[in-house]
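Chains L and B are the protein sequences, given in the same order. First residue of the first sequence: 0, per numbering that gives the first Met the number 0; consecutive thereafter. First residue of the second sequence: 0, per numbering that gives the first Met the number 0; consecutive thereafter.
The set of hints was computed from the structure by calculation and includes no laboratory data. Please read all numbers here as calculations on a predicted model, not as lab measurements. Mixed in with the good hints there might be a few duds.
[Said to hold, decoys possible] Restraint-style ranges between C-beta atoms, simulated for each label pair:
1. B:Ser275 <-> L:Ala66: 55 to 65 Å
2. B:Val336 <-> L:Leu121: 40 to 50 Å
3. L:Trp74 <-> B:Ala283: 52 to 62 Å
4. B:Ala283 <-> L:Ala66: 45 to 55 Å
5. B:Lys176 <-> L:Leu92: 32 to 42 Å
6. B:Gly175 <-> L:Pro18: 25 to 35 Å
7. L:Val75 <-> B:Asp38: 31 to 41 Å
8. B:Lys260 <-> L:Gly174: 27 to 37 Å
9. L:Pro38 <-> B:Lys356: 34 to 44 Å
[Said to hold, decoys possible] Here are some chain L residues pointing at chain B (derived, C-beta under 8 Å):
10. Gly41
11. His89
12. Pro93
13. Ala94
14. Ile96
Using N, Cα and C, we set each Cβ at its ideal position, and we do this for glycine too.
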Amino acid sequence: MAKKKFVVGCFDDEKVLFPAVKKVRKAGYKIHDVYTPFPIHGLDQAMGLRDTSLHTAGFIYGITGTATALSFMSWVFNKDWPLNIGGKPHFPLPAFIPITFELTVLFSAVGMVLTFCYLCQLAPFVKKHHFHARATDDLFVMVLECTSRTNEADAKAFLDSVGAKEINVQEAEDGWWLGRYAKDQKLYSTPSENSLA
Amino acid sequence: MSFREQFEIPAKYKMWSMILMAVGLVSILVGYFIYGTGDEHANARFWAVLLYNSVYFLLIVNAAMFFICATTLAMGGWQMSFRRVAEAISTAVIPIGIITGVILVALVVGHQHHIYHWITPDPNDHILMGKIGFLNPTFFIVWTSLTLIGWIVLGAKMRSVSREIDNGGPLSEEEGKKYIFKNTIWGSLYLVWFGLTVASTVPWLWFMSIDAHWYSTMYSWYTFASSFVAGISLITIYVIYLKNQGYLELVNQEHLHDLGKFMFAFSVFWTYLWFSQYMLIWYANIPEETVYFKHRVQGPYRGIFFLNLIINFIAPLLILMRRSSKRNYTLLVFMSVLIIFGHWIDFYQMVIASVSKEHVELGLFDFGVAAGFIGLIMWATGNALSKHSLINRNHPFLKESIIHHT
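Just chain L, same shape as in the assembly:
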């Protein structure tokens, strides 16, 4: 994975974060991501993210489940091992429906969970860079990606002007990797003069 340079701004208030996201986007900076301790309604729109396609994937998995169930059962009862069960026809659709329904649910549920993990880059043994440990506690962490045209000093000054409480520059992996965290990266360091209050 590529190492990149990021300008990180930490906010301690949702009310400051929203206008800041809008201003940062308007100024033309590239937002890598915003890490928040809890889901915030409307932040995805503010960041200009497109709607997730997870539901489309779910629909496709569901249809696959339906097709699998129906085709397997009809193959079994018509071709492979036809049985006369209570004088019912060999393609008893009503009797197939509950199993078809269950497989549809199973396929779409399992498929969507796996897809969700893939989209969020979550998997066993996979590591991701933490821009700020307090993003899981009480800080809203906005991460700007530095491109060839980004001036770090300007970006830091701009974040300061829109209300960031803590600003720093980090060089980090932008995606996931397998293995360990670098030795010098302390996830939960003791409070220093650099952190808030």
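Start from chain L and add chain B according to the hints.
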């Protein structure tokens, strides 16, 4: 920002409600002379058409009050910005309830044994004699009257509780808690009565007793699901109509999205009950039970039976599944009309397929009577909307509805 809180009935709306009511009245009169004075079979058709139309439209307007009470008990806030619309629709329970009551009592008093053959049971018929404690004219009339009175009285109480804070200022926290508690009490009383009637006894008495020898434990829930999804569709149509007229500024796509979810979810719920009822009977294949489906699945009603499933299940499932379609006003109105029509067809086959088993009769008479009831709903709802403010402006949960976000 100023709100248009007072609905003024547009002249066109008033005209259409009058026209539709006139169509209904003419249909009933003409139908009476064509069918009502004919032989037993034609006479039964006349009364059966009145029966399923009146009950269907009564149950869907009653579903509006069920929606209010259920959301009240669930401490819902999102519906507050259009709650008055559902309240207005539920006032139609009064005129339609009276009409339905008259029709039902006339059926029993007039000895319409082609429809309700349990009115004069054969003493040797041990199945009907076993049910006589429930299926007898006295109990039918008493229970029907109690049902209708309960809906009308408790519904009126819910509406008056909603209006009683209109003219004061905002409530204090203490007053607000008391007010919500009062709402909860009356809402739960209504729901208990609703459970004892729509969700159990009333579909048995009014519809299932047409096939008095047959029974299904799914029947009442199935009827309830039908009426609830059609009721939600009716609320949706009114909300979008009022928005198009420039009212209900506080309602936006988020609320419509949730109404669309209700339509989608309860269409699937209806199908679940439809299927559960059908599959168990199909699987067991016992003649006493399959008698209900014989002429529906293998007889003349086959087309309508499967049309019912396509309109009420396949169409909502595929069309309302997407998020964007639940937020599209035009598509939502189209689906609402389709669902209301679909469940009307459902009620049609529940009643008519049992009364006239040999051949399908679906004609101008059916549509004329339905038009009359639609006109009546428009008239009652329009009047109720124009009488009171469209916004429940002092309700403690109103803000929750304004900032509602799905």
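Next on the checklist: Run through the hints listed earlier and report the numbers of any the structure violates, in increasing order.
Outcome noted: 1, 3, 4, 5, 7, 9 and 11
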